[in-house]
Every structure is written in C-alpha cells, then in structure tokens.
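Starting from the given sequences, assemble the full structure and let the hints guide the process.
Just so you know, the protein sequences line up as chains E and A, in that order. Numbering-wise, my numbering puts 40 at position 40 of the first sequence, and it's gapless, one number per residue. Plus 1000 on top of the position in the second sequence (first one is 1) and you've got my numbering.
Keep in mind that the hints were calculated from the coordinates and are not lab data. Where hints are given, some of them may not hold.
Label pairs and their in silico Cβ distance ranges [said to hold, decoys possible]: (1) E:67 - A:1086: 22 to 28 Å; (2) A:1040 - E:36: 19 to 25 Å; (3) A:1056 - E:62: 21 to 27 Å.
Just a sample of chain E residues kept apart from chain A, beta carbon distances all over 12 Å, derived [as the list claims (entries may be wrong)]: (4) 104; (5) 107; (6) 110; (7) 111; (8) 129; (9) 130.
The C-beta atom is built at its ideal place from N, Cα and C for all residues, glycine as well.
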Amino acid sequence: MAKRKSDVGTLYKGSPGQWSWIAHRITGVAIVLFLFVHIVDTAIVGWGPEAYDRVESVYQNWFVRLLELGLVAAVLYHALNGVKIMLFDFWPKTTRYMKPLSLASTGIFVLAMIPIAWIIIKGTLELVGWL
Amino acid sequence: MATHTDERMEVQAPRGLLGTRGTRERPAGGFELWAWLFMRISGVVLLFLAVGHVLIMHVFEEGIDRVDFDFVAGRWDDPLWLTWDWAMLSLALVHGINGLRVVVQDYVRPPGARFAVNMIFYTLGFILFVLGTVVVFTFDASRWSGAV
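Laid out in structure tokens, this is it:
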C-alpha cells in the first residue's frame, strides 16, 4: 500500500510544526495546572513561617525534585517554542526556514537543559544522600 | 490535481485553526484577534518574568533549597520583586486560562459542557487572582518576630 503524501507530510509523521504544536499544548496545560497549585502554596506565606516552611518542605522529596525538573523544562520549552511561533506569525517570510528554525529552538532547549538537569539532578542526589 | 487537493484537505482537517507551521492562524477580528494578540504580547513579557523566575527559584545558587519564609520575606521587601511577582501572577493566569479556553474549544464539543468547563476555569482563575493579589500586597513579615 502506497503511503499517502502531501506537501506538508502526513498528519502524525508530518512537519516539525505538528510535533511542536502538540508539545506546546502539553507543556502549556501542565504549566497552568501547576500554576493553580503554586498560587495557593505561595499564598500560605501570608500565614507565617511555620505554615509556609512546612508547605515548602514537599521539595525535600526526590520525586518532587524530578517534577521540578519537568516544570523547568516545560517552561523553557514553551517559552522557546513561543518565540518561534511569534517569529512565524509576525514575520511570515521566516516560515521558509521552518525546519532549521525548529531545529534551532529545539537545539537551544536541549543545550540549556543539560546544565539545568545536571544542577537539579545533583541536588536530588545530594538530597537522598547518594552524592 | 484535484484528487491531490482533496486528499490534503482530508488529512489537514484542522487547517483553519492550526495552519501548517504549528501556530494558530491569526483570527480575522473581534475578540479572538485580541486574544491572539494578547497571547503573543503577554508571552514576550512572560518570557522574561516566568523564565527568570523559574531560573532564580529552581536553578541558580542553591535553587529551591534556599527558598523558605525568610527568603520570600526578604524578596518581597523589595518593590521590584513585588511588582515582578504580581505582574507574573496576573499575566500567567490570563495567558494560561485563555490557553485552556483554546484547548477546551478543540476538545469539548457540546456547548453546555464547554460553557461549564470554561466557567470553572474562569471562576478558579478569578479566585486565585484575588488570593494572590491580597497576599502579595498585604504581606508583612514583621508580624512574625524573628523574621527578616
């Protein structure tokens, strides 16, 4: 059976734009759900040090540290991909370089995540006493 | 040629909204155009506010390990960080809830359910905005002795 082709690719094996669109959506929803919780936990600061420091101590858990890493990655990805979106939207000529620009924004994301992941994972390993 | 076009239309069902570059096409006008524009303007501001916030709180120096009541009290002693945090609270909430509205538009089809889901997010957003604003502007560390 011949594969159907179009000039923008098939729906799920298509242009990088489709993958980045899905990733943008997933990271966006994840961030806003975290934001809902985060406004409440930060608001506890208005109830004094004892209450706030107790809430803050959830970060003394290795699994929460990994979620923290995920959050930083989500924010960074969403931000960089957002820049790419605006580039295409406000300067349509840049869509001619869609592939290299997608590669560039993903590349910057991956490069930035290397030291960030190292810092957070190192902190997590120190927390559980493996380092 | 005609079949080719038909095929592409079929594969590219959500084309009108999505376009082919992973961005939403600019709406023609009205509220949707303003919402589209707002997402981009607030996005630029949040690029600095939210990415900066995340790096300061979770990556630089000791990261989250140094964040406690005294740390927050010290920061909120400075009008710059108060303004930063409140601007971020407002923009991120509106940006995030408008984003949810767009997602809901795509996945929740029945009008009643869509309205209900949107209203839940709007109400939650409003409550959180009020809560965050009150806490940011009424916070006074001196109420707890021993604090900064």
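Hint-by-hint comparison with the structure:
Checked against the hint of 22 to 28 Å, the C-beta distance between residue 67 of chain E and residue 1086 of chain A comes to roughly 25 Å, which is consistent with it. Checked against the given bound of 19 to 25 Å, the beta carbons of residue 1040 of chain A and residue 36 of chain E, roughly 23 Å apart, stay inside it. Roughly 22 Å separates the CB atoms of residue 1056 of chain A and residue 62 of chain E, a value that falls within the hinted 21 to 27 Å. The Cβ of residue 104 of chain E lies farther than 12 Å from every Cβ of chain A, with a closest approach of about 14 Å, so its non-interface assignment holds.
Every C-beta of chain A lies more than 12 Å from that of residue 107 of chain E, the closest at about 16 Å, which supports listing it as non-interface. Under the 12 Å C-beta cut-off, the non-interface status given to residue 110 of chain E relative to chain A holds; the minimum distance is some 16 Å. Every Cβ of chain A is farther than 12 Å from the Cβ of residue 111 of chain E; the closest lies at roughly 14 Å, confirming the non-interface assignment. Distance check for residue 129 of chain E against chain A: the nearest CB is about 14 Å away, which clears 12 Å, and the non-interface claim stands.
The Cβ of residue 130 of chain E lies farther than 12 Å from every Cβ of chain A, with a closest approach of about 16 Å, so its non-interface assignment holds.
Checked against the numbered hints above, the structure violates none of them.
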